[in-house]
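Colleague: The primary structure of each chain is shown beneath.
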Amino acid sequence: MKMKLISATSALATLLSIAGPFAAQAQEPIKLGVLEDQSGDFALATIGKVHGIELAVEEINAAGGIDGRPIEIIAYDTQSDNTRYQEFMRRVLQRDKVDVVFAGFSSASREAYRPIVNQFDGLAFYNNQYEGGVCDANMIVTGAVPEQQFSTLLPYMMETYGKKVYTIAADYNFGQISAEWVRQIVDENGGEMVGEEFIPLGVSQFSQTIQNIQAAKPDFVVTLLVGTAQSSYYEQAGAANLALPMASSVNVGQGYEHKRFTPPSLANMYATVNYIEEVDTPESKAFVEKWHAKFPDEPYINQEAENSYAAVYLYKLMVERAKSTELEAIRGVIAEGDICFDAPEGEMCIDPKSQHTSHTIYLAQVTEDHSIAFPKVWESIQPYWLGEAGCDLTMEDPSAQYTPSSPPPAK
Amino acid sequence: MEFLYSIFSFLYQFGDAFAFLVLSSCGLAVIFGMMGVINLAHGEFILCGAYVSTSAAHMGLPLPLAIAAGSIAAGIAGMIVELAVIRPLYARPLDTIVATWGISMIVTQGTLIVLGTTMAGSGTPFGSFSVGAYSYSIYRVVLMVMAVVTLAALWLMFTKTRFGILARATIQVPHVAEALGVNTNLIYSLTFGLGAALAGLAGGLYAPTMTLVPTMGASFMVEAFVTVVVGGADIFLGTAPAAVVLGLIKAALTSWKGQFAGQIGLLVAVIIVIRILPRGISGKILKERA
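Sequence lines, in order, name chains L and S. Counting from 1, position 157 in the first sequence corresponds to residue 157 in my numbering; the numbering is continuous, with no gaps. For my numbering, add 1000 to where a residue sits in the second sequence, where the first one is 1.
Bear in mind the hints are in silico, worked out from the structure with no lab data behind them. One should not assume that every hint holds.
[Claimed, not checked] Each pair of labels, with its calculated beta carbon distance range:
#1 L:E159 with S:G1102: 49 to 57 Å
#2 S:L1061 with L:D342: 47 to 55 Å
#3 L:E347 with S:I1106: 41 to 49 Å
#4 L:A400 with S:W1256: 53 to 61 Å
#5 L:D96 with S:S1130: 57 to 65 Å
#6 S:Y1005 with L:E159: 29 to 37 Å
#7 S:A1120 with L:K376: 26 to 34 Å
#8 S:L1061 with L:E320: 53 to 61 Å
#9 L:P29 with S:A1120: 54 to 62 Å
Cβ coordinates follow ideal geometry from the N, Cα and C atoms, glycine included.
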């Protein structure tokens, strides 16, 4: 009896001594920092991004994690405040020592934290559509960029409604640079800009703007409005019976204005999105279903939520192939050029030159009763501009942002 | 004809800016201008009015009653805040900044947590009309009328009613009023409630035209504080003329160079006014009269 106990104990001890370090190693989690605006002016569009990350992490962990390692989320609420981004970016990289950070909604916040990611040589995902041009090896961008959204949207609008264009845009780097893209693409397609107005963030009264638009008589209006205050424009333009077609790279797909305002204030709004919950494919429907199973009260699943979800899977693919979370190893994998994930929208692939992502672009049209029609779909639209302009992250890392008027320096 | 159309359009834009300045600042003029409480939770009383009136409208109440319900709810909330937080702070105006700022943050975040990121709007009623090449929202004309009605009603209340006279006496010399048998605590509470109710009225009136989110109060704050600071302590000699002047500046600059210029114009105007009229327009008028 005594012998048996001893042998059993020693067997157990042997077992533990073998399994111990192995188990500890297997369970060493991969730390994923999440810096998103869960309160403040942008919260409406970004809480879904956090949920997307949570959903993907739950699925991946249930299926055994990344190479057997579970993912641990370390999330901070950045409160729609750029200084919070800097503060929390330092915290996740220095104190929490995360392997990767998913961060940022507004372009101002991304530019606020990007130097810190460079300083600590971290890896950050920006899962948001934006004005394009960030050529930075520490950044992977899963959101859509102007060459994906505007070079599809604007020619369609100009063919359908006419060549006179009026832009109203949020007055910060996103709106200014996006408006520059609009100007350039309208010009390339033989159109004319009849007006342009930049609206400070937080402005909510648009009476005079509406009248300026009426005075300029455009064929359609490009709305690049950001934040909840500015989205009051639609209600006020609708009430004043402005009734012009609208085009946007950022509205509907982000702030689901068609759900929030009474019809028909957004009728004839066209937005190029890489995903919204109305996308009518079996993959999308399954995605919406499992989302609502986990978050039954989610008001809307926007494109940035899907980007964030897909980004976790893209990261998983890269780490599994690199067998490491080290930045150099991951960049080596990206350089192979075939990191692709079958996202709910369709296939997303990471472009090695710019570390941006190819997308299926859906033209979403808001109808009179605010349901969504998709008159056109473009498959696997590449984020080509940076690569063509001379950004090649497989060769060098300038950590800079370029625009059409200030492209990468010629070699 | 073209000229008349532009005149009308400018008047409409001026009226629109004027209405927004008056309605967003009336409540603050009572609480900050008269009572001296630097109320950073002003936007949250507006939020309260907007959310309550929109919920009431969703429940089927006609819009005027819904707006009244929003205003009353904000007024009651104001009296509770006054009783619980503001009352010990009348002698410490700077501390009211911190206290009301805290209330503002708690309410904004609490609304976000309890009611979610947004509330569906009730839609702007009444449709639109056209003058010349431009079309206008009828509801915004209603807002202009309401701004004037609100000013008139306040004037009547503060000059012709017993409550108005007691309120002014209490705020001017509280211990004398008290010695004469006025229940000053009650008057303070009612006056603060009135200010909050006016903020709630602004929220209820503007709710159909705006996006309803927990941070919506913030978009009224700049205009409200600028108007009250330019106007000074008196609502009729201060807030009303300040709203006229600022409305002209804002409408002219916005039509000339866009929203950005309009915002800058407002802020430059307040800097200039503080420099040459430290007590605002009404301070200047009252001093000359005295």
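Colleague: Hints first: check each against the structure and report whether it holds.
Modeller: Status of the hints after comparison with the structure:
no., hint, verdict
1, L:E159 with S:G1102: 49 to 57 Å, "55 Å, holds"
2, S:L1061 with L:D342: 47 to 55 Å, "49 Å, holds"
3, L:E347 with S:I1106: 41 to 49 Å, "46 Å, holds"
4, L:A400 with S:W1256: 53 to 61 Å, "36 Å, violated"
5, L:D96 with S:S1130: 57 to 65 Å, "59 Å, holds"
6, S:Y1005 with L:E159: 29 to 37 Å, "33 Å, holds"
7, S:A1120 with L:K376: 26 to 34 Å, "29 Å, holds"
8, S:L1061 with L:E320: 53 to 61 Å, "58 Å, holds"
9, L:P29 with S:A1120: 54 to 62 Å, "40 Å, violated"
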